[in-house]
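**Q** Letter by letter, the chains look like this.
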Amino acid sequence: DAKTTQPTSMDCAEGRAANLPCNHSTISGNEYVYWYRQIHSQGPQYIIHGLKNNETNEMASLIITEDRKSSTLILPHATLRDTAVYYCIVRAANAGNMLTFGGGTRLMVKP
Amino acid sequence: EPEVTQTPSHQVTQMGQEVILRCVPISNHLYFYWYRQILGQKVEFLVSFYNNEISEKSEIFDDQFSVERPDGSNFTLKIRSTKLEDSAMYFCASIEGEMNTEAFFGQGTRLTVV
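Residue numbers (the working numbering), protein chains in the order written: chain A, 1 to 111; chain B, 1 to 114.
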């Protein structure tokens with residue numbers, strides 16, 4: 001799986017949009033971008049994934065650049081409960097493939 | 001919403017003892033995984049399981065580890081002779097299949113080896 005690079009930590013004010021960047025310059029054509037988050041020591045939680053088109057669901061939006069070398073996860077109105085470590089993972093979409101977690105971005109949402 | 005459940009939430013065991021960590025994946029899911037996270041470190045893949053056999057395993061998953069799906073619902077991870085360095089959070093995950101590839105994780109079992 002392609003490697004990803006994320007900032008170690010970010011702050012965001014409560015109610016504002018949180019924009020979490022991810023670089024994945026070596027992504028291959030059949031690899032998707034997945035985002036998960038881990039709140040404290042809980043199990044990772046799936047947020048969203050995409051191949052090349054932008055995606056939106058009830059949790060977040062995913063913006064993927066045209067060359068697919070980077071992406072941004074957007075939490076439109078961050079709340080204190082969104083404080084977590086956010087992982088960007090690139091992975092071929094075969095269900096059997098494992099997820100390779102990096103260090104992620106520690107997002108701190110502040111009042 | 002369906003969820004992956006893991007028991008126990010916390011297990012304390014003496015070094016050298018066998019432990020079995022239990023997971024009930026989401027009922028219609030076909031792919032099952034174990035991951036672990038040592039305190040303060042990354043989430044690490046251990047093993048994947050599909051069609052009643054291991055499909056992939058990491059270097060961590062040595063002969064001390066085994067997995068089983070004994071009754072079609074439970075998915076277990078056994079550590080035969082625990083070591084201090086096995087102390088970690090262990091997460092079970094499941095994926096429905098090729099059309100829905102998001103992984104659902106359980107809340108984890110904290111294993112403490114003393």
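It is possible that part of the hints are untrue.
Far from chain A, some chain B residues (derived; all Cβ distances over 10 Å) [as the list claims (entries may be wrong)]:
| # | residue |
| --- | --- |
| 1 | 13 |
| 2 | 15 |
| 3 | 17 |
| 4 | 44 |
| 5 | 62 |
| 6 | 64 |
| 7 | 65 |
| 8 | 73 |
| 9 | 79 |
| 10 | 95 |
| 11 | 98 |
| 12 | 114 |
Which stretches of chain B does chain A cover? Using the computed rule of at least three CB atoms under 8 Å from a CB of chain A, they are [stated by the list, open to error]:
| # | region |
| --- | --- |
| 13 | 30 to 43 |
| 14 | 49 to 57 |
Quick caveat, the hints were computed from the structure, so don't treat them as lab data. For glycine and all other residues, C-beta sits at the position ideal for the given N, C-alpha and C.
**Q** It remains to establish, for every hint, whether it holds in the given structure.
**A** Going down the list of hints, with the structure as the test:
1. 13: holds (19 Å)
2. 15: Check passes; 23 Å lies beyond 10 Å.
3. 17: Label holds. Min Cβ-Cβ 23 Å, cutoff 10 Å.
4. 44: Its Cβ does come within 10 Å of chain A, the nearest being 7 Å, so this is violated.
5. 62: holds (17 Å)
6. 64: It holds; residue 64 (chain B) is separated from chain A by about 20 Å at its closest Cβ, greater than 10 Å.
7. 65: The assertion about residue 65 (chain B) holds, with a minimum of 15 Å to chain A.
8. 73: holds (19 Å)
9. 79: Nearest chain A Cβ is 19 Å from residue 79 (chain B), so the label holds.
10. 95: Residue 95 (chain B) is in fact no farther than 10 Å from some Cβ atom of chain A, at 5 Å.
11. 98: violated (5 Å)
12. 114: holds (19 Å)
13. 30 to 43: As far as the region 30 to 43 of chain B goes, the hint holds, because 7 residues have Cβ atoms under 8 Å from chain A.
14. 49 to 57: holds (count 3)
Hint check: violations occur at hints 4, 10 and 11; the rest are consistent with the structure.
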